[in-house]
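If you're matching them up, the sequences are chains A and B in order.
Quick note, in UniProt numbering, the first sequence goes up one by one and the last residue is 311.
Quick note, in UniProt numbering, the second sequence goes up one by one and the last residue is 176.
These are calculated hints, taken from the structure and not from any lab test.
Take the hints with a grain of salt, since some may be wrong.
[To be verified] What follows is a set of in silico ranges between Cβ atoms, one per label pair, in the way DEER data are often shown:
id, chain 1, residue 1, chain 2, residue 2, range
1, A, G156, B, R160, 38 to 44 Å
2, A, A199, B, D45, 37 to 43 Å
3, B, I173, A, A111, 54 to 60 Å
4, A, R35, B, E164, 29 to 35 Å
5, A, D287, B, Q165, 31 to 37 Å
6, B, K158, A, N76, 43 to 49 Å
7, A, M1, B, D176, 22 to 28 Å
8, B, I155, A, L286, 47 to 53 Å
9, B, K78, A, G203, 34 to 40 Å
10, A, M1, B, K158, 18 to 24 Å
11, A, A201, B, L162, 50 to 56 Å
Just so it is clear, CB atoms sit at the ideal spot from N, CA and C, and this is done for glycine as well.
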Amino acid sequence: MSLSVKHLLGIRDLQRQDIELIFQTADQFKEVLQRPIKKVPTLRDTTIVNLFFENSTRTRISFELAEKRLGADTINFSASGSSVSKGETLIDTVNNILSMKVDVVVMRHSASGAPHFLSRHIQVPILNAGDGINEHPTQALLDAFSIREKLGTVEGKKVAICGDIMHSRVALSNIYCLKKLGAEVTVVGPPTLIPKHMAAALGVNVSYNIREALQWCDVANVLRIQLERQNTPLFSSLREYSLAYGVNRQLLDSLNKEILIMHPGPINRGVELDSDVADSGQSIILDQVENGVAVRMAALYLLAGKKQELV
Amino acid sequence: MKTILNGKQLAITIDRLCHQLIENHLQFENTVLIGLQPRGIYLGDRIYETLKKLLPGTIIHYGKLDITFYRDDYNKGKTLHVPSETNINFSIENKKVVLIDDVLYTGRTIRSALDAMLDFGRPASVELLALIDRRFSRQLPIQPDYTGRTIDALISQKVRVLWEQRDGKDEVILVD
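The whole structure should be built from the sequences, with the hints applied where relevant.
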């Protein structure tokens with residue numbers, strides 16, 4: 001059994017059985033991560049390059065840890081201080097690195113579609129670690145894996161994705177992933193941060209009322225306000241956003257039901273999520289981080305196994 | 001297709017293997033059993049259940065070990081191996097470990113199992129119990145300590161161990 005895709009560019013390209021295979025494999029890697037020796041020699045003959053053309057802390061560390069725990073050799077590349085700043089093209093950069101016999105590419109880029117473009121020019125498996133406002137597949141996989149772990153299944157669960165939907169690659173990948181696994185999804189946020197045709201195009205519910213959405217859902221995945229991606233202000237102030245859409249203790253207590261709180265991080269504490277919610281027993285944010293390593297180990301294991309077919 | 005062991009012979013063989021284990025390990029205070037996934041666990045389950053009947057009141061530790069991530073043929077085949085569950089909820093440190101598998105063939109699975117097992121601790125000793133030993137087929141210097149039946153088979157032939165709970169009947173067959 002193996003993945004139906006050669007690259008993991010987005011959840012959109014995956015079949016439901018691919019997602020289930022990744023989860024099944026991640027279950028076993030999660031057990032490995034509980035052992036005294038949290039490392040296996042599976043990818044000992046594999047070299048993986050982490051090409052991070054955009055800043056990242058947790059995703060890069062999570063990938064690097066996953067690679068090392070699989071026994072792979074890793075190379076880290078960041079755009080700042082590299083030949084990219086001297087005008088080198090993406091393909092030239094990557095081809096130079098691949099000439100050093102690299103087997104798998106993990107790539108983050110600020111331009112949507114960059115890994116798709118690259119996949120048409122290089123022969124090794126590419127794993128998208130986030131491209132612009134398009135997709136962040138491993139984040140969606142670890143989110144759904146965490147829901148499955150806490151609630152037993154994703155099928156039939158109601159998930160509210162809250163906040164800056166428009167600029168979030170996490171939101172788009174989550175919607176694809178949750179829908180493929182049979183969950184109901186509502187996106188909630190200010191009208192200026194939710195694309196107009198989202199409901200029709202992706203089959204999700206749209207709400208502009210955070211209380212209603214939280215009352216409806218089993219899980220709230222709260223997203224970061226991405227001010228760095230907003231050229232013009234799309235709401236009047238962070239204070240107003242926090243008052244209208246922030247998830248706080250008072251709001252949760254008024255629901256008379258227990259819902260799971262998720263956040264892909266980093267959190268703007270006091271803006272989209274208050275500290276007393278983020279650090280509460282309802283929050284599974286640190287479980288998401290822990291599961292991220294197991295899910296990325298699974299994705300790398302399954303993709304690296306494809307390299308024989310590609311070369 | 002040829003039957004190597006029918007259901008009755010298989011039961012007798014498992015019974016004999018259990019008595020051999022008791023001879024060498026007595027009350028199993030310092031011994032643990034580990035069945036190898038995916039197919040060795042069916043034999044492991046039987047051995048564990050039989051030992052519990054033969055030694056009532058004795059605590060016997062039995063775990064299941066998957067060796068997928070330790071194989072030396074990762075991505076060499078047409079499809080990837082899908083891992084099975086590993087469940088070893090006891091310490092193997094300084095214990096006598098008995099690895100259990102259904103068929104011993106090239107020895108590569110056992111080589112991987114030794115690697116995987118050592119990630120859980122440093123045992124005092126390791127023994128190997130195999131229901132079927134396909135001798136003269138070894139690619140590594142690995143031999144069983146307890147053998148149900150030794151057979152000589154052509155490389156083109158396959159040994160299939162069928163279990164009641166999975167296949168509807170207990171039988172060991174040789175398939176051409």
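Against the structure, the hints come out as follows:
no.	hint	in the structure
1	A/G156 / B/R160: 38 to 44 Å	holds, 40 Å
2	A/A199 / B/D45: 37 to 43 Å	violated, 51 Å
3	B/I173 / A/A111: 54 to 60 Å	holds, 59 Å
4	A/R35 / B/E164: 29 to 35 Å	holds, 33 Å
5	A/D287 / B/Q165: 31 to 37 Å	holds, 34 Å
6	B/K158 / A/N76: 43 to 49 Å	holds, 46 Å
7	A/M1 / B/D176: 22 to 28 Å	holds, 27 Å
8	B/I155 / A/L286: 47 to 53 Å	holds, 52 Å
9	B/K78 / A/G203: 34 to 40 Å	holds, 36 Å
10	A/M1 / B/K158: 18 to 24 Å	holds, 20 Å
11	A/A201 / B/L162: 50 to 56 Å	holds, 51 Å
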